[in-house]
Amino acid sequence: MATMSELYQTVILDHNRAPRNYRPMPEANRDAEGFNPLCGDRVHVWLRLSEDGRTIDDVSFQGDGCAISKASSSIMTQTVKGKSVEEARALFAEFHDVVTGRADAARGKMAVFAGVSAFPMRVKCASLGWHALRAALDERAPEQVVSTE
Amino acid sequence: MATAAPARAAAPAALDVDAVRADFPILGTTMHGRPLVYLDSAASSQKPRQVLDAERRFYETSYANIHRGVYELSARATEAYDAARATMARFLGAAHAHEVVFTRGTTESINLVAQGFVRPRLRPGDEIVFTALEHHSNIVPWQLVAEAAGAVLRVAPVTAAGEIELDALDALLGRRTRLLAVAHVSNALGTVNPLARIIELAHAKGVPVLVDGAQAAPHLPLDVAALGADFFACSSHKMYGPTGIGVLYGREEHLEAMAPVQGGGDMIASVTFERSTWAPLPARLEAGTPHIAGAVGLGAAAEYVERLGREAIAAHEHELLAYATERLSAIRGVRIVGTAPRKASVLSFVMDAVHPHDVGTVLDTQGICIRAGHHCAQPLMARLGVVATARASFAAYNTRAEVDALADGVERARELFA
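So the protein lines, in turn, are chains A and B. Using our numbering, the final residue of the first sequence is 149, and nothing's skipped along the way. Using our numbering, the final residue of the second sequence is 418, and nothing's skipped along the way.
Careful: at least some of the hints might be erroneous.
[Unchecked claim] Not everything, but these chain A residues come out facing chain B in the computed CB check (under 7 Å): (1) M4; (2) F35; (3) C39; (4) G40; (5) D64; (6) A93.
These are computed hints drawn from the structure, not numbers from a lab. Every value quoted in this text rests on a predicted model; they were computed, and no experiment measured them. In this text, a Cβ means the ideal position worked out from N, Cα and C, and glycines have one as well.
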């Protein structure tokens, strides 16, 4: 069992208080909503992909959720902004391995979520924004609601 | 809320909480290196030795299938099963033991009434009324039957404090109403609904009433016959009994008029390949080998609650609720959700800067178990304008020291997220 401060690291508390890229994006060409039916948390993710559809030029989100889901979505937007779609998908896989305890370390700020693996009930919170990102990348219909697994 | 009154001295000191706690083995354990503080009994209560021992003893000395063998052991098992039914009839205030049907729990009890009693009577345009504070298990079964029959659902509103608006409810009850479904105690807010008055309103219009008694059974004295409830559903696991068992009380004439929902062994009088005739109540509504040991455990749980005394339990929990309300209200940024004058055992709250899940996790790291979420009452949460709440709920075994631990933990959460 990790301690409380291992889960709620300063970076997470900061992103919860002041989430980055926290706005709707009228000029988005992709978007999706993630919904966790167990707790009612919602995250809406907007994307603007490059003309060839291969790069994430811009990304933003808004939603109702706990500190873990909000901070994770916020750091997700910072992590994938400017990346290729393929890189973003690989980053999600990497992130998922970290929060489920299958990998010890992750690149950049994603590393602050390593403590989540000790709180299995919170893995879905941490990955909600990422699931919404993937739904948007998969070009599911806008406004389509996806659930975490 | 009164200030630091010496509530301990003022309480009707009938419940020996230390002795009660000693009956629950799990309460002596630790969680994350701290003494376990279990404040989620509204989701499911912990189990006393008396219940665990009764089940074990039954398996070790009296177990066989019921209503089957000519041998002594089967007769003994049947007697134990029937005795549990008689205990539940007494516990609920039923006039007859055969008015008590064993089910898997409240959810199955409500679905049984929906499919066996309401559905065959439902015509297009008929109405089913329930209230805005119902648990999903007292909403979804009605949606299923209404959709199948082309019937209409009507929802009685609640106030911002979490009380049913009785005038509005009364106005919804009419000629086409086939059933009113209402919780005795709200699982999300703790509101104790004025059941006698509500049943009176419904009966005045000839509407039968199903009571979701899941949250009431472990907390309040019950008398279904005096209340005039037509159906009353409750679960064993919320009243110190095992999981997977519960009961449906139904007035004899209603149960007699019900169609079996499940067919199988034990519910028939005779079977040919063409047709079957039904066994008398209650076996008709209990197809297949039931959860026999679970029923025995539930009977032991009911006896345990009766021995502690429901008035004493209610008084103890009320004192804890009042104290917890006072402690949490004093923490900056905490808002109590559900402020009806009559409440039982449940304290729901939200915090300005802390999401309920984070409150739950912070408390978990201190060994304190509370529920965070929508409490299977999403429409109610929407009505009250919250996505989720944190909910502490109390049982006979909880103490003021545990309320203090809760309040200190909530204060810590506030500081962490400030």
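Consistency of the hints with the structure:
no. : hint : result
1   : M4   : 4 Å, holds
2   : F35  : 11 Å, violated
3   : C39  : 5 Å, holds
4   : G40  : 5 Å, holds
5   : D64  : 5 Å, holds
6   : A93  : 25 Å, violated
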